[in-house]
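Chains as they are written, first to last, in numbering that gives the first Met the number 0: chain A, 0 to 479; chain B, 0 to 117.
Hints listed in this document are in silico derivations from the structure and should not be mistaken for laboratory results. Hints are all accurate, no fakes.
In silico lysine to aspartate or glutamate, DMTMM-like type, Cα no more than 25 Å apart, as pairs:
(1) A:K335 with A:E100
(2) A:K335 with B:D57
(3) B:K79 with A:D371
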Amino acid sequence: MSALELMDLSLAELGRRLRARQVSAVELAEAALSRLERHGPRLGAVVTLTRELALAQSRQADQELRSGKDRGPLHGIPYGAKDLLAARGIPTTWGAEPLREQVFDFDATAVTRLREAGAVLVAKLAMVELAGGLGYNNPDASFTGPGRTPWNPEHWSGGSSSGSGAAVAARLVPFAIGSETSGSILTPAAFCGVTGLRPTYGLVSRHGAMALSWTLDKLGPMAKSAEDCALVLAALAGPDPADPATVADGFAWPPRPSRRPERRPRLGVLRHATASAVPAVKLAFEQSLAVLAQFADVDGDVPFPDFPWGAAVGVIVDAEGASAFRELIESGATRKMRAAADRVGGYQMLMTLAVDYLQAQRLRGPMRAALDELLSRYDALVVPTRNALAPRVGYDFDKQPEPAPSPAPDVKKPSSPATIPAGNLAGLPALALPNGFGPGGLPTSLQLLGRAFSESRLVEIARAFQAATDWHRRRPDAID
Amino acid sequence: MPARRRRFLQSLSAAPLLPAVLVQAQATVPETSPTAALARHLAEVVRARYGGQLEAADLDEVARLIGESLDGAEKLRSVKLGNADEPVTLFSARRPGPVAPQPAPRPAAAKRPAGGRP
Chain A
0 MSALELMDLS LAELGRRLRA RQVSAVELAE AALSRLERHG PRLGAVVTLT RELALAQSRQ
60 ADQELRSGKD RGPLHGIPYG AKDLLAARGI PTTWGAEPLR EQVFDFDATA VTRLREAGAV
120 LVAKLAMVEL AGGLGYNNPD ASFTGPGRTP WNPEHWSGGS SSGSGAAVAA RLVPFAIGSE
180 TSGSILTPAA FCGVTGLRPT YGLVSRHGAM ALSWTLDKLG PMAKSAEDCA LVLAALAGPD
240 PADPATVADG FAWPPRPSRR PERRPRLGVL RHATASAVPA VKLAFEQSLA VLAQFADVDG
300 DVPFPDFPWG AAVGVIVDAE GASAFRELIE SGATRKMRAA ADRVGGYQML MTLAVDYLQA
360 QRLRGPMRAA LDELLSRYDA LVVPTRNALA PRVGYDFDKQ PEPAPSPAPD VKKPSSPATI
420 PAGNLAGLPA LALPNGFGPG GLPTSLQLLG RAFSESRLVE IARAFQAATD WHRRRPDAID
Chain B
0 MPARRRRFLQ SLSAAPLLPA VLVQAQATVP ETSPTAALAR HLAEVVRARY GGQLEAADLD
60 EVARLIGESL DGAEKLRSVK LGNADEPVTL FSARRPGPVA PQPAPRPAAA KRPAGGRP
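Looking at chain B on its own, in the form it has when it is part of the complex (with noise of 0.2 Å):
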């Protein structure tokens, strides 16, 4: 995994007159960001799935990671995609179409000379 995929943003700022919770989950995601109300309606999912297992501080941290998630995802919208145009399922690296021929498979290693060709 790339170490830095994830970056957690730096400043905060509370919403008075809310539940403790959904303040902090509020507080984590700024304004400005066209997906906070998405990303605080989701840590309110967090909280009321796995707020037992969770501190107050913990789901802070939760939301903010979930508005840096979706701000990413937001990025995948940039590239123009087709109606037509279907999601890996079971992803091959080999490009569709007319390929250059390929070695044949590897013999048994039993067969193989120690350090001569096969």
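The following block holds chain A by itself, in its conformation from the complex (with noise of 0.2 Å):
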């Protein structure tokens, strides 16, 4: 079986054949580390490649097999982690020029879970610097270049989890490990062509993870299918006294049996959901719709709260990058960023006023009933992930999109609910999933917002589509 074979097989498969010695988790590991090395540098994917770390886990992996030791549904399996995770003594660049040599001695409180759970950590994987928090205006954003997508490289991967996203796309590693402030799992996960999760906030402990916005930052999975997310969501969950944010809840994969019947689920398709989307994606959408028809409920035309989202993200992520990154700022080590819009935009995160960021911490109280309030009625919100297809790499994202959305932007029209700074500020967690193709054989997806902590219903949901479709199958030709 070739390297690409191996890494196209689902985690549950890749661990039947672990256990039935068909494969070792060493042979795992150097298919992915000779993809990661064939393929990442042109999809501007790979920071580092952990060869050596890798080849000793995997190692202890096949001993531990052998022995009747079993980790569980991760052991043996490969996987990448964005760069922004400590990995001890393995430099952790934040996808920043001026932080190359950067290296901590300690591992994230993530990589240790997933080393506990048996995974075999072979790569360090691109990002936009500082995961975007200085407010890039293009693609080309990190040290490494831009991400591209696996699907067209002319494309961008999206952002800032590019090198998670394209990794997974191109069948580089089984799993990846995101991180989102306000899109930052879902936007690649779209634009890639694979499933991304983003949990609930407090899930995942952050602990090791470069910091943006305390009050925002997630990590989660990014992988072929929707059980493949949640097999490792259930490896990275639970409380760490490290990460004061996290909570006492769980996950667990595959869910207890329930007393309660199974019912179906229920969803609201949000009123507008479609209206600022460009062709292809809103076709992809309404054909989605209908496949979810024959498995839920599906009510239309739900109106969603009107907060101002956009703006309070923005506030918050400003005064807390300003934090964050003051020194690195002050410094003027920023002016050393790839992208020119993040040369200067720490200079004015430094000037957000103090009133205005409590004002936006302030409104999330309401923004949390008012949603929570919405998802007592359903089990899931269901909206396309982005209106448009991955822009062209090169593209200054303050331009209009491509193609442009018709009718022409001047006329007057609703726009779509704005479901990513909603989720985010709300801390909800979320599922992006394929649902087609548009043109340039550019890949389409479907949202899914959930009720805090209902990562289980919404795993449920998402995996009845993906039974019912076959998007989530598809690899991209151009990668061999």
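Both chains are sitting in their own frames, so use the hints and assemble them into the complex.
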């Protein structure tokens, strides 16, 4: 079996073959390393290959399986971590030129938990510098260059978890870890045609992860399927004294059997869900609704609470990011950043008014209440993950999307609900699921947004959707 | 981060008879903006604190970003808040008050059979 075919298998199938001795953990690590080495650079997906560590961990995984010690579904499975997660003795660059030599002497809790679950770290994956916190305005915003989607490398892989999305899509690793402050898992999942799971705020420890916004940052898995994401989340989730935001809730997958009878999921389609969408996204979304209706009750035209979602996220990230990176900005080091906008953005952030920051944080109570009230009636809200396809590398974000939306942008019309900033402000879980392709072979994506700590229900819905479709099993032809 | 968190203002207008850097800062914020004066002053703070690190064109860009940021912050005032509405400090995604039963914490990974139910 080729390295590509191995990396294309589900986590469950990889685990089955490992336990049947049809493949070894060392062979899987070598398959991942060879593909990362071959394809990673041209996709702008890799910062550091962790070859020595991967071979040591995989040898240990094989030895343990031979001796009867089984750490669970991730035992012997290679993975990549966004390069904002500390890994002892290995560079952790945060995607930023001034920090290329940064090395920590400890592991992030996420890295520790995955190691304890038997997973094998094969690479630190590329990301937008400082997770986009300084306001980048172009895909070329990492010292490794722009991330490229394997479906069409002339186009962006999304950010800020650019390498995580591209590496999973290109079958360089079976799964990866990303992070999200406001869209950084969902966007690359959408642009790369993979499944991304943004967990509820506080479910996964951020200890050892770069902080951009302490009240918004989250870590989560990216993989081919929702089922694979759930297996990874089960290893990651749980309280951690080193991250005071973590909660006692865990996450188990498969979920424990319920005593209550299974009921059809209830889904809410948001009013104006596709108002800002390009035609390919709109078409894929409508086709997905027909699939969802096969196993769920789907309500249409559900109004979304009206709050200044985007403005609130902007002020919070400005204030917390300015504080988190104050030393870096004031030292002048951010003048060496790749993106022009990032060379000046920090100075503006330092001028954020405290009263504006507190106003934004005060709004989060009513925002959370409004979304919780809405989600008390639904298992999930459904919208397109992104309204546009991946833009070309070199595209400035403050220009009109390609192709231009129809009707022309000066015509007054409603806009799509801002579910990404809203979901992040309220700390809610979401899944991005591949649901089609548009012009240029670029993927489209469906978002499921759920109530706090409803990950199991979201994954069940996503699993049913993926059982009825094969978008998540497609792989880019150009990456052999 | 959302890719379009900041949008750059499109047009500039110069004001004469002011120090060059302040002219640039002032020129970047539309006079019609209710936050224009504040943006000019904050841009001057940036110049005073960090002017040695920034070129004139950079300061001009910073001024524009400050104006845009302040305009965004103004939108937050559209929502009526009460005196007792506290800011989030240590945020909890769970809404305060009674909640539905949640799953128990997961068992240790080492005790979980491969691919089976814990």
